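> Use these hints to put chain B onto chain A, whose structure you have.
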Amino acid sequence: MRRLIFIVPLVVFAGFIAATGWYIFEIQRDSQRAPNIVGGGEQNKPVPEFELPPLLDDLPGLATADFDGEVVMVNVFASWCVPCRAEHPLITRIGEEGIVPVWGINYKNKKDEAIAWLDELGNSYKRIGFDLSGRVGIEWGVYGVPETYIIDKSGRIRYKHIGPLSRSDLKETIFPMIDCLNKTPQAKTCLSGS
Amino acid sequence: MIAELGHFALVLALMVALVQGIVPMIGAARGDIRLMDMAPPAATVQLALVAAAFGALMYSYVVSDFSVMNVAQNSNSLQPMLYKISGVWGNHEGSLVLWVLILALYGGMVALFGGNLPPTLKARVLAVQAIVAVGFLAFLLFTSNPFERIFPPPLDGADLNPLLQDPGLAFHPPMLYAGYVGLSTAFSFAVAALIEGKVDAAWARWVRPWTLAAWIFLTAGIALGSWWAYYELGWGGFWFWDPVENASFMPWLVATALLHSAIVVEKRDTLKSWTVLLAIIGFSLSLIGTFLVRSGVLTSVHAFATDPERGVFILLLLVIAIGGSLVLFAWRAPSMQAGGLFQPVSREGGLIVNNLFMSVAAAAVLIGTLTPLMVDALNLQKVSVGAPWFNIVFVPLMVPVIIVAGIGPLLAWKRGDIRGALARLKYAALATVIITALVAWLAWGHSMGSLLGIALAAWLGTATVSEFAGRIGLGRMPLGSSLRRAGSLPRSAWGMTITHIGFAVAVAGITGASLWRTESIQVMRPGDTVEVAGYEFTFGNVENLRGPNYFIERGTFTVRHDGEVYTVMKPEKRRYMVQQRETTEAAIFTTPMKDLYAVIGDKADGGGWVTRIYHSPLVPWMWFGTLLMILGGTLSLSDRRLRVGAPSRRRAAAPAAAQPAGAE
Chain A
1 MRRLIFIVPL
11 VVFAGFIAAT
21 GWYIFEIQRD
31 SQRAPNIVGG
41 GEQNKPVPEF
51 ELPPLLDDLP
61 GLATADFDGE
71 VVMVNVFASW
81 CVPCRAEHPL
91 ITRIGEEGIV
101 PVWGINYKNK
111 KDEAIAWLDE
121 LGNSYKRIGF
131 DLSGRVGIEW
141 GVYGVPETYI
151 IDKSGRIRYK
161 HIGPLSRSDL
171 KETIFPMIDC
181 LNKTPQAKTC
191 LSGS
Chain B
1 MIAELGHFAL
11 VLALMVALVQ
21 GIVPMIGAAR
31 GDIRLMDMAP
41 PAATVQLALV
51 AAAFGALMYS
61 YVVSDFSVMN
71 VAQNSNSLQP
81 MLYKISGVWG
91 NHEGSLVLWV
101 LILALYGGMV
111 ALFGGNLPPT
121 LKARVLAVQA
131 IVAVGFLAFL
141 LFTSNPFERI
151 FPPPLDGADL
161 NPLLQDPGLA
171 FHPPMLYAGY
181 VGLSTAFSFA
191 VAALIEGKVD
201 AAWARWVRPW
211 TLAAWIFLTA
221 GIALGSWWAY
231 YELGWGGFWF
241 WDPVENASFM
251 PWLVATALLH
261 SAIVVEKRDT
271 LKSWTVLLAI
281 IGFSLSLIGT
291 FLVRSGVLTS
301 VHAFATDPER
311 GVFILLLLVI
321 AIGGSLVLFA
331 WRAPSMQAGG
341 LFQPVSREGG
351 LIVNNLFMSV
361 AAAAVLIGTL
371 TPLMVDALNL
381 QKVSVGAPWF
391 NIVFVPLMVP
401 VIIVAGIGPL
411 LAWKRGDIRG
421 ALARLKYAAL
431 ATVIITALVA
441 WLAWGHSMGS
451 LLGIALAAWL
461 GTATVSEFAG
471 RIGLGRMPLG
481 SSLRRAGSLP
491 RSAWGMTITH
501 IGFAVAVAGI
511 TGASLWRTES
521 IQVMRPGDTV
531 EVAGYEFTFG
541 NVENLRGPNY
551 FIERGTFTVR
561 HDGEVYTVMK
571 PEKRRYMVQQ
581 RETTEAAIFT
591 TPMKDLYAVI
601 GDKADGGGWV
611 TRIYHSPLVP
621 WMWFGTLLMI
631 LGGTLSLSDR
641 RLRVGAPSRR
651 RAAAPAAAQP
661 AGAE
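Respectively, the protein sequence lines represent chains A and B. Residues in the first sequence are numbered from 1 upward in steps of one, following this note's numbering. Residues in the second sequence are numbered from 1 upward in steps of one, following this note's numbering.
If we strip away everything but chain A, and leave its shape as in the complex, we get:
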């Protein structure tokens, strides 16, 4: 009887390990059901409810209702953000070549500064939402500018890239994903992560 007491810690620990093992199994299965590519909670969710006024007089703003039936890229940018400057030529070319419509969210930026920035560096955005307070950015889960999202035909966020885009990101991940989302009605099959 006395000996049994000394086994108690071992039994408790075995329980702990069993629970942890099962926990890992469970989240693995969970993640196979809805795979994530970059981590973070926004993937595979519909875009949030929002409405942003236009930044420029001659380009429309951006709202939830605009995401309807086509694959689009949403780029979050600001004139004070140095990496945005670095990736901007790539973003502009994607828009100009018509690979995918590129929509912009201008994040926590003064209006005149943002307009001057676009004048200097070029603008191929089809829509730009003006998010001065950064509220909508929070809804989207922005936590560092620049960020780039890919939204599928049903209006769900399928990919999120944090930081400036590089050529290899585009070639290896983003273009194949856009291609796949355009071709297949079943968006989920595009999400193998390869």
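Calculated directly from the structure, the hints in this document are not laboratory data. All values derive from a computational prediction rather than experimental measurement. Idealized CB from N, CA, C, for every residue including glycine. Incorrect hints may appear among the rest.
Heads up, simulated BS3-like pairs for lysine-lysine below, C-alpha to C-alpha not over 25 Å straight-line [unchecked claim]: (1) A:K183 x A:K153; (2) A:K45 x A:K183; (3) A:K45 x A:K126; (4) B:K267 x B:K198; (5) A:K110 x B:K603; (6) B:K603 x A:K111; (7) A:K45 x A:K160; (8) A:K108 x B:K603; (9) A:K108 x A:K126.
Facing chain B, according to a computed beta carbon distance under 10 Å, are these residues of chain A, among others [said to hold, decoys possible]: (10) R3; (11) I5; (12) V8; (13) P9; (14) L10; (15) A14; (16) F16; (17) G21; (18) G61; (19) C81; (20) K111; (21) P176; (22) C180.
Just chain B now, kept in the frame of chain A:
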């Protein structure tokens, strides 16, 4: 080249640790002194190799070698030197190298200072220590190589997370790790003792300094982390019961219990298997904490799922280290002889109360930390086990601990005289009532729960002081001879007194800071004035400045009290250029009785700024109390009894000298 040398040194260290883990163990089993004698030089060589690897990594950071991926991801050429260096452990791989370095350091110290340990025990302790090192070195080399190169190297690095660019946090991880890993030495002693099948007073005396050192570092590490959260996160809070904090708090609770139960083993040769179990649990909780923090389970379930390799590896380490030692415990501990008997009311009894409640508190924190993860995995719903739950469970557990900590030191070993002890505490009880009444009068209408905290703090403080006064005969003999008695008290007695007083001061501080805080959050335009707890804060202009790698927006508050200018506070908001992240730098004005605390936040629509202002009474007591606890622990650690390692002849004399109160 330097990075490759560092990598190579790590591989060699793994080889040496393997040898150190196996050969002395065989030697101890066979009684072959030559094999056992291998352990100390192996431990020294292992230390030298790991130190070389750490040096190589640090060199890569100092010269900003961005061809090393780890440096490129976590440093930047603009960063001040302090943060280039602290960047070494500000990331997963580097922090593991630091962990292994400290582990090797403790091993080296056991080899160096363990001259009078019995040879078999010493060989086994060093072997167990080496086996733990093997696990972590393998983890480092196979899943988290810090020396990996990147090609082409980037022009500049990605910068250390701005929140970590802070002096408080620069030293927080090394302290904490020194604490975590210090418990590994207690663990090694426990496992070695189980293999030997012998736990006696001498064993307890050898374990205690290592546990004490670990406890001091853990206390300092937790306090630094809490201090950092207080001034850097900008919410005026100092403890959030978040899982990362809990991961360091659980080992602290168990280490506190272990310190106290080791005294019982040392003086009374009893509670042996319990003490061994505590030593195992203390390090196990350090490992579990590492698993929680390092596997990514906490940051996001998905981060773990995308890269389960590390998590599974640590889990495997847990199973081997904890599971193995507990199997050993179940097998060997029952044969250990129980020592002296004692009455419930006795010094031992008091220490058991401490042990019991500290362990239950650690278990409660563990359950509270893991439950949300489990519930989340079950897909039931999101529950958050937040601060209210922890406060409800934790505070009642600490009440008896504090009450008994006041009485315990007055009780004799074996059989205590509770009436006599209480009679000697009558002045303390009186002082407690007076202080509590005074505070109740001052804080009338505020939270009445705070009175409990103040009463407990007053009780522990005054009881500890009167125990000390009684011990040096204050009032019973001339002052001169009292002082002489105080001077000749062993440092461990001083250590206990100072630590308990420090704990009392910290309890008062925590009570004041949590329950008496006044806060005011509003939008202010330049020229606006807000009154908080009798202080008028007038918001001045906001200036734009530049730091080395960030931009600054600095607000100015002129604080008036009773119509006179009291102080000027300048909180900052910083935006780091590389990562584009913002941090708040609170302005804190400290006086002995309170902190004034001001933060500026975002610009509001229409020209104003969001500002947060706090009046936090007794916050400085928290930090001062913690300092006293660290000082007390250090004094106790420097006690001659522990330093000389207590050969048996002195051992007979020491307890008598150390316990004049118990002998009375």
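> Work down the list of hints and note, for each, if the structure agrees.
Status of the hints after comparison with the structure:
1. A:K183 x A:K153: Holds: K183 of chain A and K153 of chain A sit about 11 Å apart, inside 25 Å.
2. A:K45 x A:K183: With a Cα-Cα distance of about 20 Å, the restraint between K45 of chain A and K183 of chain A holds, given a limit of 25 Å.
3. A:K45 x A:K126: 23 Å, holds
4. B:K267 x B:K198: Holds, at roughly 16 Å.
5. A:K110 x B:K603: Holds, at roughly 12 Å.
6. B:K603 x A:K111: 15 Å, holds
7. A:K45 x A:K160: Roughly 11 Å between the alpha carbons, so the hint for K45 of chain A and K160 of chain A holds.
8. A:K108 x B:K603: Holds. K108 of chain A to K603 of chain B sits at ~10 Å (cutoff 25 Å).
9. A:K108 x A:K126: 20 Å, holds
10. R3: 5 Å, holds
11. I5: Result: holds, 8 Å to nearest chain B Cβ.
12. V8: 9 Å, holds
13. P9: Holds, about 5 Å.
14. L10: 4 Å, holds
15. A14: Since the shortest Cβ distance to chain B is 8 Å, the answer is holds.
16. F16: 8 Å, holds
17. G21: 8 Å, holds
18. G61: 18 Å, violated
19. C81: 6 Å, holds
20. K111: With Cβ-Cβ at 14 Å, over 10 Å, it is violated.
21. P176: At about 19 Å, which exceeds the 10 Å cut-off, the nearest Cβ of chain B leaves the hint on P176 of chain A violated.
22. C180: Interface hint status for C180 of chain A: violated (20 Å vs cutoff 10 Å).
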